[in-house]
Amino acid sequence: AAIAIAFALMATVTEVAAGLGLALLLERAFPARRWLTLVILAPYVLSTIVVSAIWRAWYHYDVGFLNTVLRGIGLPGVPWLFEPSIALGSIVLVDLWQSAPFCALILLAGLSAIPPEVTEAARIDGAGGLRRFRDITLPMLAPYLMIAALMRSLDSFKLFDKVYAMTGGGPGRATETLSLYVHRLAFRFFDIGQASAAAIVMILVDVAMGAVYARNLLRAEGR
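Using my numbering, the letters of the sequence shown map in sequence onto residues -8 to 214.
In short, the hints are calculated from the structure, not lab data.
Just so you know, these numbers come straight off a predicted model, no measurement behind them.
Glycine included, every Cβ here is placed at the ideal spot set by N, Cα and C.
It cannot be assumed that every hint is accurate.
[Stated by the list, open to error] Across the chosen pairs, the derived CB separations fall in these ranges:
1) D126 <-> S187: 47 to 55 angstroms
2) I77 <-> A44: 14 to 22 angstroms
3) P107 <-> P162: 45 to 53 angstroms
4) R47 <-> D126: 41 to 49 angstroms
5) R210 <-> P67: 47 to 55 angstroms
6) V54 <-> I105: 41 to 49 angstroms
Between the sequences and the hints, there should be enough to build the whole structure, so can you do that?
Here's what the structure looks like:
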């Protein structure tokens, strides 16, 4: 459970933050905006198996793209999926690449809902870009940020397929999420009772997380 919670926290924070950055970028009008949008959204429409296969190839210690780049600039290769201290972070990076566009779509919808006259009035009053972002954009984006965080945290907490395809929970049990733990108990050791108990715990945690987010969302909307 600790690994699942750590993964969910890291993935949710990084994906919502990256999604916000992408949304702010795509909100602006520039010549290559349409093509850049397609490039950014492409990972999200790929299947998890395809994404996992791509990143397993990139993470390959001897001939992978990432280590080839590192060696090209004089740095040693990194055992991305075989070092317990960095394996979980490596999978978070894969999840970030695939899921940050989803957060960007949610937050882009939120940005488009902000009345332009509000930011224009703040600009006329002398508020700089950072102050407008802090005092106008972020507060008005709060419900959308909560929705993105809820969707990603629930999905990250029960992640199975990406970890199963890339590490199988290893090295050791360094990347064994709660879903993978339930799978191991049920289908490797045939301990159906303990697997069922772990699955119920996972469902209860998901429900509790959803309730907390829903309460905060309603509070942000003044209900």
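Here is how each hint holds up against the structure:
1. D126 <-> S187: 47 to 55 angstroms: holds (49 angstroms)
2. I77 <-> A44: 14 to 22 angstroms: For I77 and A44 the Cβ distance comes to about 20 angstroms; the hint holds.
3. P107 <-> P162: 45 to 53 angstroms: Because 51 angstroms falls inside the window, the suggested range holds.
4. R47 <-> D126: 41 to 49 angstroms: At roughly 44 angstroms between Cβ atoms, D126 and R47 fall inside 41 to 49 angstroms, so the hint holds.
5. R210 <-> P67: 47 to 55 angstroms: Once the Cβ atoms are compared, 50 angstroms apart, the range 47 to 55 angstroms for P67 and R210 holds.
6. V54 <-> I105: 41 to 49 angstroms: Given range 41 to 49 angstroms: holds, Cβ gap about 47 angstroms.
Of the numbered hints given earlier, the model fails none.
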